[in-house]
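Trainee: Here is how the chains run, residue by residue.
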Amino acid sequence: MSASLTFSDSLHIAKLANLLIKDEEIPLLASQLSAILNFVGKLQELPSSGVAETSQVTGLVNVYREDEIDKSRMLSQKDALGNAKATHDGFFVVPAVL
Amino acid sequence: MNIQKLTIFSTLEGLRNKQFTAVDLVQGCLANIKKYNDDYHVLLTVVDEDALRADAKEIDKTDYSRPLSGIPIVLKDLFSTDGLRTTAGSKVLENYTPVYDATVVRKLKEAGAIIIGKANQDAWGHGSSGENTDYKPTKNPFDPSRVPGGSSSGSAAAVALGMCLAATGTDTGSSVRLPAAFCNLVGLKPTYGRVSRYGIIAMASSFDTIGHMTKTVYDNALICEVTAGKDAFDGTTADIPVPKYTAHLGKTLSGVKVGIPKEYFEIKGTDPRISDLTRKALDALAALGAQILDISLPHTNVAMECYYILVPSEVSSNLARFDGVRYGGGRDTFGAEAKRRIMIGTYALSSGYYDAFYKTASKVRTLIKKDFDDAFTKVDVIVAPSSPTLPFKIGEKSNDPLAMYLSDIFVCPVNIAGIPTLNVPCGFIEKLPVGIQLIGPQWSEEKLFSIGNAYELHTNHRD
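For the protein sequence lines, the chains are A and B, in the order given.
Everything in the first sequence is counted per my numbering, starting at 1 for the first residue and increasing by one.
Everything in the second sequence is counted per my numbering, starting at 1001 for the first residue and increasing by one.
What the hints contain is simulated information worked out from the structure, not anything from laboratory work.
Hints are not guaranteed to be accurate.
[Stated by the list, open to error] Among the chain B residues that face chain A by a calculated CB cut under 10 Å, a handful are:
| # | residue |
| --- | --- |
| 1 | Tyr-1100 |
| 2 | Leu-1282 |
| 3 | Leu-1310 |
| 4 | Tyr-1327 |
| 5 | Thr-1346 |
| 6 | Lys-1363 |
| 7 | Ile-1419 |
Idealized CB from N, CA, C, for every residue including glycine.
The shape of chain A in the complex, shown without the other chains (with noise of 0.2 Å):
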């Protein structure tokens, strides 16, 4: 499959991925993106039908713990907001959404 990104295309991912892309960037990052995902779409004429998915190495499965308190795992409150730019009666200002 070849990939070649339109303007618009690259607008779309941008805005999937809450980036602000501005227009004059997007000339470059789209070939820039065409030639990498060329690259990487010839992977598909690979014949992969009936093989499995690999998504971790380990083969470790359902790791759980106690659902208990455990302090170690715990920030203070005032570390917790030690990078905030903005708080408030203990919590992080954050931007309205409404």
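Assemble the complex: chain A is given as a structure, and chain B must be docked to it using the hints.
Mentor: Coordinates of chain B only, in the frame set by chain A:
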């Protein structure tokens, strides 16, 4: 103090015999930082000098009995350090100070190591040259017009320039082995799950491994004894005992079967002088008693395609959390390479393209892993070059992302399979260092150190 000439082994001996102190070591490292850091752009953050001397003084009160007592170490800037700025090489985290230590950092400190500073790197670990840093790119200590390899670029340069005796790195595709090869160091990419990833800023979570660079194989094995092991904070670490790696050095290679993958010698663009040096290394292993056998890794020609679908997919997911809402810069602060990888990953995971890209690559991952599994039924280790070329010029590939990706052809397949690899120096071409990789099956670090040590003592390429 000439830190550049010291190994961890010789330093511990010197400390224990009262030839010098940990304070002397810290002073020696600081002197090299003053001398080189402004020109070579190696460290992004250096720990306060008075604090370092105070740390060293405390250690000088002890009998240096801990495994890394007084050993100065530099950390890649992906490793969270309590109270010490951690940028990931990115402007997004320019003002970020973690409030806890990564497990590996905690273990190194408990072993007596002195953390000197945080090393420059390709932002988020995305790169093979160090040029994708959002700060100034690190230069190669052997030739400042060339790259030191990446993404753990500053880590390698810090060891080579005597700013520390060892440095940590992460290896998702090449990032410990390539800089180790380009800076004449021993670099370990451990088995996935051998060393805890807790507290280390994630690149691609099913590929990331936590390694380190040193001058010798012994030093490398010693650090691995400290960092490896199960961690309750990382569910992907395996509950497999950590051998005393340094106790398994110095063994004979007789009976060891070494495989050469024929596909690796057919890769276009490989410098023929590097192929020659690799063959010489194989001759040396044969002279030490190893049996050299031809093997095949049939899916080598699709490994990079597979890697550059799966890794950006995981990257796009891991970097989605950096939205600047709670801390750090906004998404407009990402550099060009991070944006490219996020977009490639987003595309590969998006509706309509997921099956063709992500799902297909996940199947090919199975085939590549099986290639290695099959090979290891016939041989103990596989030997391959670490890089197809010598360290390249700064700027040579930075405008061509695809050309940069292909510098990793010998190193990426290993991460797809999750197996361990050790880069060992194998000589020089035009005064530039060259490395070979010893690749083994899962959990075979012990064997890699043992073979690497025998090779290193036999050839002595460090001097």
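Trainee: Work down the list of hints and note, for each, if the structure agrees.
Mentor: Here's how the hints hold up against the structure:
1. Hint on B:Tyr-1100 holds. Least Cβ distance to chain A is approximately 7 Å, under the 10 Å limit.
2. A cut of 10 Å between beta carbons decides the hint on B:Leu-1282: the least distance to chain A is about 28 Å, and the hint is violated.
3. For the restraint placing B:Leu-1310 at the interface with chain A, the shortest Cβ-Cβ distance is roughly 9 Å, inside the 10 Å limit, so the hint holds.
4. The beta carbon of B:Tyr-1327 comes within 4 Å of a beta carbon in chain A, closer than 10 Å, and the hint placing it at the interface holds.
5. Below 10 Å, beta-carbon pairs count as interface contacts, and B:Thr-1346 has one with chain A at about 4 Å; its hint therefore holds.
6. Against a cut-off of 10 Å between C-beta atoms, the interface hint on B:Lys-1363 holds, since the closest Cβ of chain A lies about 4 Å away.
7. Interface restraint check: B:Ile-1419 against chain A, minimum CB-CB distance 8 Å, threshold 10 Å, status holds.
In this structure, only the earlier hint numbered 2 is contradicted, and the remaining ones agree with it.
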